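Trainee: Residues per chain, in single letters:
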Amino acid sequence: MDSGNIAWLLTSASLVLLMTPGLAFFYGGMSRGKSVLNMMMMSFGAMAVGVLAWITFGFSISAGDTMGDIIGNPMYDFGLIDTLEGGDAMAIISAGFGATFAIITVALISGSVADRMKFGSWLLFAFLWVILVYAPVSHWVWGDGFAALLGPDGPWFGSLPGPYDFAGGTVVHINAGVAGLVMALLLGVRKGFGKEPMRPHNLPFVMLGAALLWFGWFGFNAGSAFAADGFAATAWVNTTVATGIAILGWILVEKIRDGKATSLGAASGVVAGLVAITPACASLDPIGAAIVGLLAGVFSALAVGLKYKFGYDDSLDVVGVHLVSGLWGTLAIGLLANGTINGDAGLFYGGGITLFGVQAAAAGVTIVYSAIATLIIGLVIKYTIGLRVSEEVEVSGIDLAEHGETAYEEAK
Amino acid sequence: MDSGNIAWLLTSASLVLLMTPGLAFFYGGMSRGKSVLNMMMMSFGAMAVGVLAWITFGFSISAGDTMGDIIGNPMYDFGLIDTLEGGDAMAIISAGFGATFAIITVALISGSVADRMKFGSWLLFAFLWVILVYAPVSHWVWGDGFAALLGPDGPWFGSLPGPYDFAGGTVVHINAGVAGLVMALLLGVRKGFGKEPMRPHNLPFVMLGAALLWFGWFGFNAGSAFAADGFAATAWVNTTVATGIAILGWILVEKIRDGKATSLGAASGVVAGLVAITPACASLDPIGAAIVGLLAGVFSALAVGLKYKFGYDDSLDVVGVHLVSGLWGTLAIGLLANGTINGDAGLFYGGGITLFGVQAAAAGVTIVYSAIATLIIGLVIKYTIGLRVSEEVEVSGIDLAEHGETAYEEAK
Amino acid sequence: MDSGNIAWLLTSASLVLLMTPGLAFFYGGMSRGKSVLNMMMMSFGAMAVGVLAWITFGFSISAGDTMGDIIGNPMYDFGLIDTLEGGDAMAIISAGFGATFAIITVALISGSVADRMKFGSWLLFAFLWVILVYAPVSHWVWGDGFAALLGPDGPWFGSLPGPYDFAGGTVVHINAGVAGLVMALLLGVRKGFGKEPMRPHNLPFVMLGAALLWFGWFGFNAGSAFAADGFAATAWVNTTVATGIAILGWILVEKIRDGKATSLGAASGVVAGLVAITPACASLDPIGAAIVGLLAGVFSALAVGLKYKFGYDDSLDVVGVHLVSGLWGTLAIGLLANGTINGDAGLFYGGGITLFGVQAAAAGVTIVYSAIATLIIGLVIKYTIGLRVSEEVEVSGIDLAEHGETAYEEAK
Amino acid sequence: MKLVTAIIQPHRTDEVRAALEAAGVKGVTVSEAAGYGRQKGHTEVYRGAEYTVDLVPKTRLEVLVDDADAATVTEAIVSAAQTGKIGDGKVWTVPVDDVARVRTGEHGADAL
Amino acid sequence: MKLVTAIIQPHRTDEVRAALEAAGVKGVTVSEAAGYGRQKGHTEVYRGAEYTVDLVPKTRLEVLVDDADAATVTEAIVSAAQTGKIGDGKVWTVPVDDVARVRTGEHGADAL
Amino acid sequence: MKLVTAIIQPHRTDEVRAALEAAGVKGVTVSEAAGYGRQKGHTEVYRGAEYTVDLVPKTRLEVLVDDADAATVTEAIVSAAQTGKIGDGKVWTVPVDDVARVRTGEHGADAL
Ligand SMILES: Nc1ncnc2c1ncn2[C@@H]1O[C@H](COP(=O)(O)OP(=O)(O)O)[C@@H](O)[C@H]1O
Ligand SMILES: Nc1ncnc2c1ncn2[C@@H]1O[C@H](COP(=O)(O)OP(=O)(O)O)[C@@H](O)[C@H]1O
Ligand SMILES: Nc1ncnc2c1ncn2[C@@H]1O[C@H](COP(=O)(O)OP(=O)(O)O)[C@@H](O)[C@H]1O
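Protein chains in written order, with our numbering: chain A, 46 to 457; chain B, 46 to 457; chain C, 46 to 457; chain D, -2 to 109; chain E, -2 to 109; chain F, -2 to 109.
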């Protein structure tokens, strides 16, 4: 047991836990004043039911002994009791670290259902999604010593370079992005979508959220080294480089297209950069990280307008940011990996095109599974307890109707 | 010297320091728009005079060579000069870690005196309370290698199992909760108490506060292992489990009783869960932690209404949250301890009822001392410089009168 | 490689990165409601171009092989590629740690140009300033194993005690403070300066910023030990002591002079204390730290009024806080150093007056260079793309004109 | 000239503004208000406390019109704002001696 | 009918509303305002700068009443709002041509 | 007596208040409003969406004056608020039956 590694993982788990309230502010600030509390409650609710889902079956399905490389044994360690009794500090804190990943991933989806989803239905959705979607996908990618379905040593890709997903480009961002798209389609558009402005009600909160996300993301990316070592340090530097440059990418697009660099754009650029570098943070040199960040900002800045074109109300841009930049970061490994990990270099670093193909295949499998499984969960809830609040509630504000509160009473 | 342990304690001390501003937002958001600054200034003021109290006599009384197992020698290390000169990194940062505990504990009390206490009187109160209440009680529980009055190896309980207080259920939460009750009674109710709504003026701030508290609490609980080891990891996991589930406990009560799950309830559930798991975080398995969290949420959700029944204006629920959940967590060790520490198991884990009795006794002593000592300090201030602002100041807003400011001038 | 040290530096770098968004809130809350976004965007923009400046030439000039003790070789490691490939965790994360220092330093300057600087010009300024001012000065003080120009083993002071600058009193605070003064003079005063109140539009944000700065500053000061050791622990304790007491210093001045202790004063006291202890945190005992903190609060509380006297619009008090307290902390080493480092004690701790003189000389060189270099950069921008927005934009609000946004739309 | 003032439910604002444009009204001034009347406040329970909320948020519209248009404009507002629920609001008309347009200094009907 | 408008100290709002209910007034519209008059602003020092604060927050109440009730209502407001300090505010009455209740479309005194 | 109400551009408030003081007006009540008229909203693009912003923020001033002063005060406001750009606002005058000063209970011109 190396106390330095334990110290870093304790820190990292704490940082990742903070990301979900960070997301609550990022999303809450972007929503309208009459629905900010509901938006934040979806994140806090994800922390509540996410913990429950994780200690019951999520952890076991994700990290338990594999059953045919598909899922961990769901009865592997109910209540994490054996893990804690084992007394191995790294094993214990890793179980906690895993919980924070499950929570933030499902919380990300809430951005696409803003202003209109029943709170009880959200809690149920979040609980089921962690167990049925997050946990299996995380098992495929990271389970069984990277030897489950989508791992670099797994049955499908074992003989090929990759696929690589250091901290969760597929498991977290593509997965949540696809689920967000499905839920946005299932719920339908908000009243006034595409006509009313629906501008962020509190932009400093959006920036606070982006800042807490960036800060917490150091735990996410550099913590995924599971050690305080060179990989962690590399992940830290690349995360900062990509994120800083992604801000530039996003606001440059805005400046050129709309004439003005917005604070919403800067905050969104932060998140796009973080998302894109997540899978790739240990595979790149900083020039590669800068390219990944710059294009993440550009791609996502362009992608957030698509919802108006195609008419899906991905309210707070889960698709435009997490799916698009998650995909880009995952594929970018195939282009820009510098070969540090197993000598597998990307196309522009002297490797062939195979790694790119493997990355694309892993992303594709994740997309398909996430779409189908999320659709099933969503449909079951829709036709049982229902997904959406009434139009009257939506217009007068979901905060008051679902939570009995309004966010601000500053004048009193 | 183990650098991993030092790294974790440096991190933990930083995290606990952040809890007090977190509390400033938790309380500040709950207060009305005309008294938010005063509320936050009580926390920032606690940081100022708390440091002064700690480096003068607080540290020495808390951690100095024991005088009859009752207090540390007040002249043990004035100014922490010997401790720093000793150069032992763990000793130095432990002195800093202790300061952060003293600060947050006294800051907690400010919730019960909201909107109506003179700022100067608060500063004096906080200074005296750290030295005369916090420091001795912390010595009893943790002083002299756990061998002072209320320690597991101390004169009173040395031959029995327990009492256990890993991170401060008695020292911090019961202690502050009782002091809050005494001060609320001494100050009397606010104008309009029980009639006017006095709703939180900014609920996102309440949630921000809860988030920073949770984040900081990892340092509080897992840092109390004073090492990056299995205890720390266990404390981390149990803290997260109890807190997540406590949210559910609180909002379930609200949903059933009032029909709506509020964001204030979720944020309060976070704090109730954190409070309850504080003493117990190293003694439970995660199922025990989940039970402690669930019932902390339930008990505190029910308890916050008591002030209207009994007519004490514990404005921001220091009693309902910290005293009630602090007591519950302290007693829960007697029921649910899994025997990891010294083989002392709780009633439902095969131990006898003795541990429960010992826990109750330690809590009782703390309650009695805290009540009497706080009452004396409060009375002295009341009859010298006075405790309460005028009614006119209270109605027009304490921020303007005591600090010459209003919190928001957004329109300008 | 010691994993505990790496863990602490990973944590410290993350903490320092968080300081810049913290500053965005500290400054953003102080500005008016119509210019808060621009204020925050200057910090976020500093993160974006600061990263770019650092990975291109900033890192190399700061930390590269010295060229005549003046600057590091600008071509030392373009893109940090060699550093990352080297695989030495401490070297890699140190490069990242350095980036966070460069970013916060330039971001500090933005406080003096509030409400009136073109955003594009700010980005250009920040980029150039990191490369041409921050990087060289940091090389002088910390470069080449402390043997460059202003290092304790350098050509100028090698035979004398000092100069000491543990975490950046000269490099960061004096440097940014002087640059802020120069830019305030170059830009000229805001419309209404000295007549309209221009009060902070959101004081809780100011306090949030101060809290995040304090929290992050633990990484800044204790992280500058580059190890989890006794120096780090000492720096941690002294940072907390000085900061807590500085709050008292500032609000005491206010109470005596104006009759009221303000929350803006408390938050400013936090920053003044942190600034002053920055160079000195490893050189003092806690009594020395308390004196440094107390007087930092007093000096800066008095100094922020000077701008009205002399007519420079240092809008958010970069000069009053960073230059004044940065100078005080740097000089205080000459008075209060306890001799722990190389036995070099300050005047009141048995050393002579030499150390004070050396500290003053190092500060003086920094002031002169920073003033001249900043002036040149500022003039070049002024006479090319221009520095200042139109008066109409200033009156109607820079947020709308430069970023197309207003911060709050809470009613919608 | 007349000043027609309307206190309406906030969520009917868009409909009323559309109706005013349809009725040929060229300008409107809008502000926030709160009120009570038949629509008394309701009792709420929050965090264990029971209390009465009595002021309900409303929107105020002010429209300057020619004498002849006052009745039409009033009817346009009434029908667009109506939901039939208690609390729909009031519309009233007061006489105006004079109106001036700031930009041009014109007076009377030309200034509308 | 008449419209009675009152500008009062914010902290007297509850008392005035109680007085209005006692006087039989069935509805009120409330909004925020600021003003100055004899109660000039005061000089403040803040962070080393001295300046004058001149607008003082006030609350505006509007009450539609029958012609006969205007005087009574005015007196009720005056006596409930009075603290005797400068800045207590003003109450004024303007003639109203017509009132409509949005919910029902009723006009005149029935609409109050 | 008369009530002169002005809707003006917010950034002209200081100038108008100075002009009112110069014209001998002793008190003013100020509040926030928004409006549209000839100054229609403009189309904006934000985060890939295009939409129309139609309400423009304005400041409302209310001044109670003697009958004789209404015209002077109106002119004072108009000339101080004028920028010549569309959206400069309106000033209108309505008759007032009575004014009371809350502090003293005085009525009529004495209460101004
Ligand atoms: N007498 C009155 N004077 C001024 N405003 C009134 C008056 N009566 C009602 N209002 C305003 O009209 C709103 C709706 O009135 P209310 O009596 O609740 O419903 P309704 O008009 O549908 O019967 C109130 O909230 C208040 O703002
Ligand atoms: N001539 C006026 N026109 C409109 N409002 C006025 C006028 N004079 C005073 N007010 C309003 O009444 C408030 C109180 O008036 P002030 O002269 O300060 O006190 P008092 O009426 O007690 O002498 C002011 O703040 C302002 O809102
Ligand atoms: N008929 C009206 N009734 C009430 N307010 C009006 C009316 N017309 C204009 N206003 C107010 O005056 C403001 C300026 O009017 P606008 O027509 O845009 O400019 P201008 O008066 O310079 O031609 C509007 O924003 C609105 O608040």
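Since the hints were derived computationally from the structure, they do not count as laboratory data.
Just so it is clear, the structure is predicted and the values come from calculations on it, not from any experiment.
Warning: the hint list may mix true and false statements.
[As the list claims (entries may be wrong)] DSS-like cross-link-like pairs, simulated, lysine-lysine; straight-line CA separation at most 27 Å: (1) A:LYS240 x A:LYS300; (2) C:LYS305 x A:LYS305; (3) C:LYS354 x F:LYS82; (4) B:LYS305 x A:LYS427; (5) C:LYS236 x A:LYS427; (6) B:LYS427 x C:LYS305; (7) E:LYS23 x D:LYS82; (8) A:LYS240 x D:LYS23; (9) C:LYS305 x E:LYS23.
Trainee: Each hint should be assessed against the structure and marked as holding or not.
Mentor: Here is how each hint holds up against the structure:
1. A:LYS240 x A:LYS300: 23 Å, holds
2. C:LYS305 x A:LYS305: Roughly 42 Å separates the two Cα atoms, so the pair is violated.
3. C:LYS354 x F:LYS82: 38 Å, violated
4. B:LYS305 x A:LYS427: 21 Å, holds
5. C:LYS236 x A:LYS427: 57 Å, violated
6. B:LYS427 x C:LYS305: Within the cut-off at roughly 21 Å; holds.
7. E:LYS23 x D:LYS82: 17 Å, holds
8. A:LYS240 x D:LYS23: 23 Å, holds
9. C:LYS305 x E:LYS23: 44 Å, violated
In this structure, the hints that do not hold are numbers 2, 3, 5 and 9, in rising order.
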